[in-house]
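Chains as they are written, first to last, in the numbering used here: chain A, 1 to 684; chain B, 1 to 272; chain C, 1 to 202.
These aren't lab readings, by the way, just hints derived from the structure by calculation. Check before you lean on any hint, since a few could be wrong.
To be verified - Here are the computed lysine-lysine pairs in the BS3-like style, where the Cα-Cα straight-line distance is at most 30 Å: (1) C:K164 x C:K92; (2) A:K521 x A:K653; (3) A:K587 x A:K644; (4) A:K46 x C:K164; (5) C:K164 x A:K521; (6) A:K653 x A:K587.
Quick caveat, the model's predicted, so the values are computed rather than measured.
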Amino acid sequence: MLGRLSLDAIPYDNGIIMFAVALMAIVGVVAVGSTTYLGKWGYLYKEWLTSVDHKKIGIMYIILAFVFLLRGFVDALMMRAQQATAGPGHSGYLPPEHFAELFTGHGTMMILFVAMPLIIGIINIAVPPQIGARDVAFPFMNSISLWLTYAGGLLIMASLAVGQFSTAGWTGYAPFSEYPANPSTGVDYWIWALQISGIGTTLTGINFLVTILRERAPGMTLMRMPIFTWTALITMIMVVLAFPALTVALGMLTLDRLFDFHFFTGGMGGNQMMYINMFWIWGHPEVYIVILPAFGVFSEVTATFCNKRLFGYRTMVYATMVIALLSFTVWVHHFFTMGQGPLRNTVFAISTMVIGIPTGVKIYNWMATMFRGRIEFKQPMLWTLGFILLFTVGGMTGVMLAIPGIDYKVHNSEFLVAHFHNVLIPGTIFGMFAGYTYWFPKAFGFRLDEQWGRRAFWGWTIGFTVAFMPLYVLGAMGMPRRMVSYSNPAWTPWLWVAAFGALIVLYGIACQVVQLLVSIKNRDRLADLTGDPWGGRTLEWAMSSPPAEYNFAVIPTVHGIDAFMEMKEQGTAYQQPAEYSDIHMPKSTPAGLVIGAGAFVFGFGVIWWIWWLAILGGLTMLASVIWRACTDDVEFTIPAAEVKRVEDERFRKLALAGQRGDVIDTGSRGRMPFGGDMTGLHPG
Amino acid sequence: MQSLTAFYTAGAVGADERGLIAITAVLMLFVFIPVVSLTLFFAWRYRESNAEARYSPKWSHSNLLEVFLWGGPIVIIAILGTLTWISTHRLDPYNSLASENQDPVQVEAIAMDWKWLFVYPQYNVAAVNELAMPVNTPISLHLTSDTVMTAIMIPRMGSQIYAMSGMRTQLHLLPTQTGDFMGKNYQYNGRGFASERFHARSMTDEQFKSWIKKAKASGQRLDEARYAELTKPSQPEGVTYFSPVKPHLLNYVIKQYHTGSPRNRITRTAER
Amino acid sequence: MATTDASMHDEIQAEASQGTVVNFGFWIYLMSDVIIFSMLFAGFVVLSTSYAGGPTGRELFELPGVFLETLALLFSSLTYGLVMISLRQGNKRRVQGWLLVTFLLGACFIGLELHEFLSLALEGHGPQRSGFLSAFFTLVGTHGTHVTFGLLWILVMVGQVAYKGLTPAVASRLTRLSLFWHFLDIVWIAVFSTVYLGGMYR
Numbered sequence: 001m002l003g004r005l006s007l008d009a010i011p012y013d014n015g016i017i018m019f020a021v022a023l024m025a026i027v028g029v030v031a032v033g034s035t036t037y038l039g040k041w042g043y044l045y046k047e048w049l050t051s052v053d054h055k056k057i058g059i060m061y062i063i064l065a066f067v068f069l070l071r072g073f074v075d076a077l078m079m080r081a082q083q084a085t086a087g088p089g090h091s092g093y094l095p096p097e098h099f100a101e102l103f104t105g106h107g108t109m110m111i112l113f114v115a116m117p118l119i120i121g122i123i124n125i126a127v128p129p130q131i132g133a134r135d136v137a138f139p140f141m142n143s144i145s146l147w148l149t150y151a152g153g154l155l156i157m158a159s160l161a162v163g164q165f166s167t168a169g170w171t172g173y174a175p176f177s178e179y180p181a182n183p184s185t186g187v188d189y190w191i192w193a194l195q196i197s198g199i200g201t202t203l204t205g206i207n208f209l210v211t212i213l214r215e216r217a218p219g220m221t222l223m224r225m226p227i228f229t230w231t232a233l234i235t236m237i238m239v240v241l242a243f244p245a246l247t248v249a250l251g252m253l254t255l256d257r258l259f260d261f262h263f264f265t266g267g268m269g270g271n272q273m274m275y276i277n278m279f280w281i282w283g284h285p286e287v288y289i290v291i292l293p294a295f296g297v298f299s300e301v302t303a304t305f306c307n308k309r310l311f312g313y314r315t316m317v318y319a320t321m322v323i324a325l326l327s328f329t330v331w332v333h334h335f336f337t338m339g340q341g342p343l344r345n346t347v348f349a350i351s352t353m354v355i356g357i358p359t360g361v362k363i364y365n366w367m368a369t370m371f372r373g374r375i376e377f378k379q380p381m382l383w384t385l386g387f388i389l390l391f392t393v394g395g396m397t398g399v400m401l402a403i404p405g406i407d408y409k410v411h412n413s414e415f416l417v418a419h420f421h422n423v424l425i426p427g428t429i430f431g432m433f434a435g436y437t438y439w440f441p442k443a444f445g446f447r448l449d450e451q452w453g454r455r456a457f458w459g460w461t462i463g464f465t466v467a468f469m470p471l472y473v474l475g476a477m478g479m480p481r482r483m484v485s486y487s488n489p490a491w492t493p494w495l496w497v498a499a500f501g502a503l504i505v506l507y508g509i510a511c512q513v514v515q516l517l518v519s520i521k522n523r524d525r526l527a528d529l530t531g532d533p534w535g536g537r538t539l540e541w542a543m544s545s546p547p548a549e550y551n552f553a554v555i556p557t558v559h560g561i562d563a564f565m566e567m568k569e570q571g572t573a574y575q576q577p578a579e580y581s582d583i584h585m586p587k588s589t590p591a592g593l594v595i596g597a598g599a600f601v602f603g604f605g606v607i608w609w610i611w612w613l614a615i616l617g618g619l620t621m622l623a624s625v626i627w628r629a630c631t632d633d634v635e636f637t638i639p640a641a642e643v644k645r646v647e648d649e650r651f652r653k654l655a656l657a658g659q660r661g662d663v664i665d666t667g668s669r670g671r672m673p674f675g676g677d678m679t680g681l682h683p684g
Numbered sequence: 001m002q003s004l005t006a007f008y009t010a011g012a013v014g015a016d017e018r019g020l021i022a023i024t025a026v027l028m029l030f031v032f033i034p035v036v037s038l039t040l041f042f043a044w045r046y047r048e049s050n051a052e053a054r055y056s057p058k059w060s061h062s063n064l065l066e067v068f069l070w071g072g073p074i075v076i077i078a079i080l081g082t083l084t085w086i087s088t089h090r091l092d093p094y095n096s097l098a099s100e101n102q103d104p105v106q107v108e109a110i111a112m113d114w115k116w117l118f119v120y121p122q123y124n125v126a127a128v129n130e131l132a133m134p135v136n137t138p139i140s141l142h143l144t145s146d147t148v149m150t151a152i153m154i155p156r157m158g159s160q161i162y163a164m165s166g167m168r169t170q171l172h173l174l175p176t177q178t179g180d181f182m183g184k185n186y187q188y189n190g191r192g193f194a195s196e197r198f199h200a201r202s203m204t205d206e207q208f209k210s211w212i213k214k215a216k217a218s219g220q221r222l223d224e225a226r227y228a229e230l231t232k233p234s235q236p237e238g239v240t241y242f243s244p245v246k247p248h249l250l251n252y253v254i255k256q257y258h259t260g261s262p263r264n265r266i267t268r269t270a271e272r
Numbered sequence: 001m002a003t004t005d006a007s008m009h010d011e012i013q014a015e016a017s018q019g020t021v022v023n024f025g026f027w028i029y030l031m032s033d034v035i036i037f038s039m040l041f042a043g044f045v046v047l048s049t050s051y052a053g054g055p056t057g058r059e060l061f062e063l064p065g066v067f068l069e070t071l072a073l074l075f076s077s078l079t080y081g082l083v084m085i086s087l088r089q090g091n092k093r094r095v096q097g098w099l100l101v102t103f104l105l106g107a108c109f110i111g112l113e114l115h116e117f118l119s120l121a122l123e124g125h126g127p128q129r130s131g132f133l134s135a136f137f138t139l140v141g142t143h144g145t146h147v148t149f150g151l152l153w154i155l156v157m158v159g160q161v162a163y164k165g166l167t168p169a170v171a172s173r174l175t176r177l178s179l180f181w182h183f184l185d186i187v188w189i190a191v192f193s194t195v196y197l198g199g200m201y202r
């Protein structure tokens with residue numbers, strides 16, 4: 001009846017895990033309790049859970065990412081504490097299995113449930129308005145993607161309380177991840193968390209690919225698209241091409257584990273090298289999937305805060321394309337030490353290094369954008385500068401690792417750990433923080449507090465440096481990754497330094513939490529009445545903050561790169577049209593939520609061999625899809641009068657901003673108080 | 001300083017790799033220093049409050065500059081690419097290493113949970129968790145795994161290579177100093193991963209001869225039954241010697257994964 | 001009156017452009033499915049000689065049965081073409097009729113495939129026997145699963161045609177089902193030549 005699930009599955013004996021479970025339970029009870037107390041269930045359901053609005057879906061993605069960032073970071077702190085205290089003669093406070101769950105969970109969560117939702121969330125918030133669209137091409141599918149991602153995340157959360165998580169590392173190398181070596185539910189939780197959220201991501205890829213190619217405002221040719229949209233487009237092409245490879249690799253591993261197939265097993269004709277190849281055929285493009293949108297954010301931020309056009313727009317676009325293309329041709333560099341012969345290693349090594357060329361060009365272009373600019377050191381720009389300085393180190397060590405002769409020496413060591421954190425933290429995470437602080441006022445209507453933002457930036461930058469530079473040294477000392485304890489006394493001081501660095505990062509994260517709270521408290525003072533708090537260049541800043549449900553009352557017409565900047569320069573940016581027309585928008589639907597719930601139930605059932613539950617979950621998903629496929633009435637109309645009411649309110653706010661003396665960038669050399677020469681604002 | 005295994009090496013391969021690391025690091029500085037210093041300079045020079053600095057809000061293209069921006073990295077990668085081509089062929093772990101008037105010592109290494117078995121077919125001896133190597137003599141390792149995927153590595157000696165069940169990989173080493181060096185599996189393989197390590201002892205020819213004698217004197221025969229016993233997950237404290245050893249043990253282990261029998265050594269009780 | 005006409009026209013335009021956007025999205029989905037099948041083919045090729053002492057394709061495959069399967073699927077593609085012609089003629093009855101014929105041929109295909117799978121498994125040549133057989137069952141089975149979902153989709157569309165008639169939305173869905181069905185046909189031709197012919201004449 002309950003498969004292999006019994007009360008023994010709950011790790012009562014592990015105090016740390018039980019503490020975490022209790023904490024999770026308390027947070028859950030408080031959330032449910034306060035929603036009930038405030039009577040907000042209806043609001044939550046109607047406005048958020050069933051919403052197909054890309055802006056709300058984006059926010060929900062980012063909430064998920066921040067929850068997992070906290071969890072993944074706690075794992076990191078625990079690992080640092082363990083390694084600092086588990087030197088010669090000591091065993092630290094964690095048993096090896098728990099440590100293995102930590103490094104597996106940390107990697108899985110940080111890549112799949114922090115980096116990915118951050119990227120998809122920010123793309124959701126920024127891309128449709130950047131191309132002058134009212135929504136994505138498939139709003140309902142967007143909701144499915146979101147809830148599939150949540151279902152995957154929930155499985156990871158569930159693994160904490162019921163059963164355990166995988167011990168096989170975030171890459172889950174077979175045959176260690178196969179049933180004979182790893183029969184517990186951990187690997188299954190890992191598989192289904194990735195599988196379910198991965199399918200959601202594939203759908204996101206299809207959705208945004210079509211959105212960007214088909215839903216652009218009139219006049220926005222491909223070569224006039226904002227650079228962030230370009231990186232999003234290329235990223236989504238990569239998602240559509242790469243994620244199915246993960247689906248297949250995980251599917252085969254599932255068949256091996258559940259039904260005794262022999263894809264990757266040690267004997268019986270299985271081929272363990274095939275797993276590694278298939279995993280990295282997805283895994284390497286995935287690295288660029290999480291980095292390219294960050295590059296896009298840096299480009300937008302650099303141009304905006306240097307108050308200058310982005311240098312080499314075309315070069316940036318081509319460089320992104322080249323990186324994307326090459327990223328599919330380098331996967332072997334993850335296993336130079338598999339014995340495949342010098343010629344193959346050389347070919348993959350050189351293709352890896354060649355990626356350094358377009359990446360280097362991008363960095364030079366950002367520098368050239370700063371050259372002869374007027375740089376405002378607001379939070380997004382600080383993250384960008386931190387990125388350029390630190391990422392260059394990561395790029396250098398990346399080129400070193402790309403040389404097989406060096407890789408033979410430092411593969412599987414802390415040097416490798418230092419390298420990929422050195423590209424992913426300053427690259428992806430700083431990029432997403434830059435995007436978060438940059439687009440936050442657009443999503444919520446008020447800016448994030450600068451002071452706390454600066455503190456967070458310094459916490460992360462200094463903390464990162466102190467935490468990860470020692471790992472390069474440890475790598476050169478031959479310390480392998482994933483060590484729960486060790487006997488070499490020379491490593492201990494460096495590990496203490498690294499642990500201290502993690503504490504500085506903790507300070508940075510704490511500042512971000514405080515920043516959010518302080519900003520909510522001071523939201524009136526930080527309010528963005530104009531919709532253009534930074535002197536933006538692209539169309540999303542032409543909307544109010546937060547935008548109306550329909551984004552644009554009238555779809556703008558685009559004449560060049562930096563469409564909004566051009567409108568401001570020509571004085572057409574704030575003209576209220578004489579009349580509005582009806583707007584058709586997609587209706588909310590619970591189907592996405594139900595499909596996500598079905599996916600969670602299905603995954604849980606398969607993990608624990610509770611087949612009736614799995615079938616129930618599967619049928620729920622199937623029934624929702626069929627029900628939805630038979631529904632024709634999926635849109636509703638916002639009448640022109642309602643649009644006029646909302647827009648009148650917006651223009652009243654703009655006038656208020658003018659009175660308040662908010663400055664608005666008119667795109668010319670100087671800046672002038674709002675309303676100064678913005679005669680278009682008052683058509684009457 | 002000795003703890004910096006990447007630089008303080010005791011083997012010929014390691015010394016070669018050290019040189020490669022140094023050259024690459026220096027080349028990379030040609031990128032790193034300009035980027036960091038110019039970024040900091042631009043950030044300071046073109047700060048908003050500096051009204052003296054020139055401001056060109058529309059300047060966004062320059063063919064000449066683009067040539068340099070693409071050209072610079074292309075030149076550096078071309079140099080590194082050439083270096084890679086040469087060094088990868090030279091440092092291929094499958095290359096046998098030449099040494100004056102010394103035939104290589106053949107070693108068959110079998111990875112287990114959580115220990116290594118080293119077989120010396122030329123001498124009909126074997127040892128668990130001790131790899132004895134006569135100094136200045138090429139060592140030719142043939143590896144396989146009788147468990148999950150593992151990776152052998154002696155940081156002070158040279159390269160790392162995977163060992164996988166049903167397959168044979170190779171690694172060649174040439175110790176240039178005597179000493180007792182740490183060797184271990186670098187690929188996570190479960191509970192015993194962290195505490196598993198073996199002694200890689202580089203010794204003089206005389207010491208090696210007496211090492212062989214000591215192993216031969218152990219009197220423990222390594223036949224099929226004893227081998228099966230040995231493969232059970234365990235973490236032996238000391239070193240165990242065997243002699244005589246079942247001939248062609250490595251092939252025997254590899255072949256077991258190619259028969260149709262469902263026997264599969266990669267079976268272990270639950271991790272928890 | 002004139003304004004109503006204009007807005008009607010706009011609506012039809014909007015409907016049509018929405019249809020092309022969805023079709024484009026469906027094409028992209030099919031591309032991602034191509035990647036799924038490419039990975040499965042790659043896996044099959046890697047494991048195509050990993051018999052682990054078990055039987056080879058040559059010993060197992062019975063081409064006459066597979067040939068029959070192939071015929072059923074190819075003819076179902078033809079009959080689906082007739083669905084689309086009837087749709088263009090606006091003949092609701094015929095659309096339903098040809099959909100049902102397509103369904104029957106598809107069901108024949110699945111029946112024959114299940115028969116092959118079951119007889120192999122009962123002879124002890126199930127997917128657990130070797131890497132080769134795992135890859136065989138998975139590749140062919142994934143295609144079969146796609147066909148099964150296609151069958152379900154056909155049934156849903158028969159219902160939609162009955163209840164809603166040949167509305168633009170229904171017609172647009174029939175177009176995408178047609179893409180899906182022909183796509184599965186193409187994949188099958190690749191399966192037939194790689195797995196069966198390749199296995200026989202290795």
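We went through each hint and held it up to the structure:
| no. | hint | verdict |
| --- | --- | --- |
| 1 | C:K164 x C:K92 | 10 Å, holds |
| 2 | A:K521 x A:K653 | 21 Å, holds |
| 3 | A:K587 x A:K644 | 21 Å, holds |
| 4 | A:K46 x C:K164 | 29 Å, holds |
| 5 | C:K164 x A:K521 | 53 Å, violated |
| 6 | A:K653 x A:K587 | 28 Å, holds |
Comparing the model with each earlier hint shows a violation of hint 5 alone; every other hint is respected.
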